[in-house]
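Asker: Given next are the chains, with one letter for each unit.
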Amino acid sequence: EAGVTQSPTHLIKTRGQQVTLRCSPISGHTSVYWYQQALGLGLQFLLWYDEGEERNRGNFPPRFSGRQFPNYSSELNVNALELEDSALYLCASSLAGRSRNTEAFFGQGTRLTVV
Amino acid sequence: AQKITQTQPGMFVQEKEAVTLDCTYDTSDPSYGLFWYKQPSSGEMIFLIYQGSYDQQNATEGRYSLNFQKARKSANLVISASQLGDSAMYFCAMREVNSGGSNYKLTFGKGTLLTVNP
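In the order they appear, the protein sequences are chains V and U.
Per my numbering, the first sequence starts with residue 10, numbered consecutively.
Per my numbering, the second sequence starts with residue 45, numbered consecutively.
For reference, chain U alone in the conformation it holds in the complex (with noise of 0.2 Å):
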């Protein structure tokens, strides 16, 4: 089973308005990280936004900000006020416990390409 889903290959918004980014996730750990990252073209991953999964409030940093909704296990990513430079693939990723116990990895979703229209 997907540890992280992405169901969007690739959304279209408008300039200037907000769109959201549906990211799924499955685990059976009771503390882990929530991560969103953009990539543009030039291949480059840039950090965007973290929430854990104990934060009481949900995660915002400038125009991004993630709603975090632990029942569901959903950590959606919303971008407002989109502009052209937004154009790029957004990924989702988790850190969580491995089987050892004691260590770590980062799991990536699939990836969202979103594309701004002017």
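Chain V on its own, in the form it takes in the complex (with noise of 0.2 Å):
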């Protein structure tokens, strides 16, 4: 059974551009957790979707948004990139956002770069 997958696995853009991360969760998993994980600091959570709703959001400015499609993959997009974007962006799943016994699986990362 595949578990989660991220696309790209590494991005350069540059300062201001707009940047599209994809995952697709296990298959099953209803819940995505998003967290950015910038370098030497700890996971900082972004955004959670379940059964295609945005159910909680991180301390981060409106230009980080997504999405959860009828399938469960997500979507991170992030806005007008600025140089302290740069980090890497993790992606998880679950089985079921209201069950508090449920681990969430990771993915690789896709690791931003922004110049």
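Simulated from the structure, these hints should not be mistaken for laboratory data.
Since the model is a prediction, treat every value here as computed from it, not as a measurement.
For glycine and all other residues, C-beta sits at the position ideal for the given N, C-alpha and C.
Hints are not guaranteed to be accurate.
What the hints assert, rightly or not - Only part of the chain V face toward chain U is listed, based on derived beta-carbon distances under 8 Å:
no.: 1; residue: Gly51
no.: 2; residue: Trp57
no.: 3; residue: Asn65
no.: 4; residue: Leu97
no.: 5; residue: Phe114
no.: 6; residue: Phe115
no.: 7; residue: Gln117
To be verified - According to the in silico footprint, chain V covers these stretches of chain U (three or more CB under 8 Å from chain V):
no.: 8; segment: 82-89
no.: 9; segment: 149-161
Two chains, two frames, some hints: make the complex.
Answerer: Below you can see the structure in the form of structure tokens.
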């Protein structure tokens, strides 16, 4: 069974550009989480989608947005890129967002570099 | 206030020895879940072990065990018989109810970098 897949794996963008990152959850998982991990820092929660709706949002500016499709895959969009957006972006999926006991499985991440 | 605190930025252990990675948490939710993840240099987050707040026994998964002390709000990860491949970042995480009462998110600590020496 395929795990969580993210694309692309690496990306280089210039400041001011826009970027779209993609995530396909494990089959049967309805919840998708996005996290930002800047160099040397822990995981900062970005967004959580469950059954097509945004359920929770971290402390990030509005230029970070996303959506979840009917097949539960998800996109993360970042507009007007800034140098400090350079980070590893991790996507995770889980069976049901409302279950406390459900672990989240992560993809390998997209490493975004803004120059 | 931090929800998840990992006080050890880095830890060193000799191969084949046991090591304990500390994690304390803060929540007012009586029901919550605690997780540990491993992140090697490749970047992928690997799920290791889960502990529910109502679980009576400490969780174990192979060489990993979780020393859960609910009254102290601690959930330390114990790795027995360390291997060179255990060298990685280790993150403690908690899933809890948010203020809305029906939504959950997974909150991570800042991580501990474990280095296993031969």
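Asker: Hint by hint, which ones does this structure get wrong, listed from lowest number up?
Answerer: none
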